[in-house]
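Asker: Note that the protein sequences, when read in sequence, are chains A and B. Mind the numbering: the first sequence is residues 1 to 263 in our numbering, read in order. Mind the numbering: the second sequence is residues 1 to 284 in our numbering, read in order.
No wet-lab data here; the hints were simulated from the structure. Treat the hints with care, as some may be off.
What the hints assert, rightly or not - Each computed EDC-like pair below joins lysine to aspartate or glutamate, with the alpha-carbon atoms no more than 16 Å apart:
no., chain 1, residue 1, chain 2, residue 2
1, A, K143, A, E99
2, A, K78, B, D282
3, B, K280, B, E261
4, A, K143, A, E67
5, A, K78, B, D63
6, B, K185, B, D169
What the hints assert, rightly or not - Where chain B lies over chain A, by a calculated footprint (3+ residues, C-beta under 8 Å):
no., region
7, 49 to 55
8, 221 to 227
Built from N, CA and C at the ideal position, the CB exists for glycine as well.
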Amino acid sequence: MSGLILNRRRFLAGSAAAGSSVILAGCDQFDFLGQRDNPVRNFMEQANVLTYEAQKPLIGQQSLAREFSSSEIRQGMKPNGSTNPTTPEYMFLQAQNFEPYRLTIKGMVDREVSFSLDELRNMPARSQITRHDCVEGWSCIAKWTGTQLGAVLDQAGVRPEARFCVYHCYDNIQRTLAGDIFYYESSDLIDAYHPQTILAYGLNDQVLPVANGAPVRLRIERALGYKQPKFLHTIELVDSLARFGQGKGGYWEDNGYDWYGGI
Amino acid sequence: MSERADEGLPAAKGPLIYRQSIWTRVTHWLWAICLFFLLLSGLQIFNAHPALYIGQQSGFEFDNAVLEIGAINTPEGPRGQTTIFGQTYDTTGWLGMSGPAAQPSFTAFPGAVTIPSFRDLATGRVVHFFFGWIFVGTMLVWFVVSFINGHLRRDIIPMGHDIKGLPEDIGNHLRFQLRHGRSYKPLQKLSYFTVFFILFPLVVLTGLTMSPSLNAAWPFLLDLFGGRQTARTIHFGAMVLLVLFFVVHVVMVVLAGPFNELRSMITGWYRAARDTPRLKGDKP
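For reference, chain A alone in the conformation it holds in the complex:
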């Protein structure tokens, strides 16, 4: 009996010591989780797939992000990420007041189409006062005006085998020795056809400023800020995200963020 108690005591003392040593040693014990190819981290990332699968039926295809009253617009829209693209192509467009700009829809579509800024502005518009939620944690309410993406996609005719929209952008978000890395994003077709998903060219009743993504940025209102690509020039319909960037579906996704972006 006494032997048993001693063993139990030893076990308890041992577990307490082991537990407290983890705490006292500090959290760099878990720094391996920061390695993007670590199997434990990859396993943990599956929780994001679970979140996506669990939330999609819950939020449905058409439920709207909350829209606010104009009195809630108490400040300018905080610009974030790249705010002043420096590629020659973009600087040329900017110097021309975006006159030569064209938005192209290509990939798995019946016909490749492109639109000038005026053509987009002359299509039926939608204005919405919504809350932009940055992945960092801050939020900002602003009024966005633009063309519904679904209507534009319908003009190109999305083929049945298409599963994703890939959004290509002008901004060189990162410069490396191997060259510029351009911002890109992607979404499923549910988000692409969501009524509040617009190609925004107006912000707070003004022309969309460069810092906020001129001439056109996307708004996917039920997702975090990094799913709202700025400086948009091409939308490509695809059945797989594998051949873009590092294959994760977006610039920030390639840098470890989850593709879903709804939480």
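Assemble the complex: chain A is given as a structure, and chain B must be docked to it using the hints.
Answerer: Frame of chain A; chain B shown alone:
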């Protein structure tokens, strides 16, 4: 088992009672692991924007902040600074600026209490949401099982006699007279009830309120908590209360006899106080 030499004398020890079911023990340790990782990855997430606000949005051109942690430049060099409800404190070494003086790091919470220890919001989110799922799963299992096996009714939900016994129990605690009976004491019940029925649901719901997707599915969450930023502030506040609970919990375990308490949470068997009436099923 040998004959007891002290037969007839008052028992030297109380009975060994089976107090914690396997469900209680497994969920207890799963929660301990989850809260450890949730806290440390949560502080990593907080460091990405170390301010808390009241309302729907963060004020950049107006002020609705209730907490801000950062660093400022002074003539003597950079200092860590924390502003809470308008009161500003120098928190150099702890918050806003920490690490060795020669090479300080300018994060809100120091790397020693974040996962990973370096700035990496993406990984913080991976860890936070992974353990968030385990935490919620554990909570649902615990609620169902504890409802069925009577743990809720017996040990967690304060009844009339618990409320009546509260003053005496507070007195006992103040005098450090901690008797270990068969069932939980009023203060114990109240604190567990607060954790399970208030803090746990609060921390989960405010977490979900920060999801722009779920805002579309359940817009009432925004109204319930007064906006996404208020929800974020409450989420942080609930965390602070859970840390406070953890500290008091561990202090009480140490005061009440750490070996006995740990044994009951590992094996289920708990040595009750000397005068605890013996029941069938107890061990000597």
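Asker: Hint by hint, say whether it matches the structure.
Answerer: Going through the hints against the structure:
1. K143/A <-> E99/A: violated, 24 Å
2. K78/A <-> D282/B: Violated, at roughly 65 Å.
3. K280/B <-> E261/B: violated, 22 Å
4. K143/A <-> E67/A: holds, 9 Å
5. K78/A <-> D63/B: Holds - the C-alpha atoms of D63/B and K78/A are around 15 Å apart, at most 16 Å.
6. K185/B <-> D169/B: Judged against 16 Å, a Cα distance of about 7 Å means the pair holds.
7. 49 to 55: holds (count 3)
8. 221 to 227: The restraint on the region 221 to 227 of chain A holds, since 4 of its residues have a Cβ under 8 Å from chain B and three suffice.
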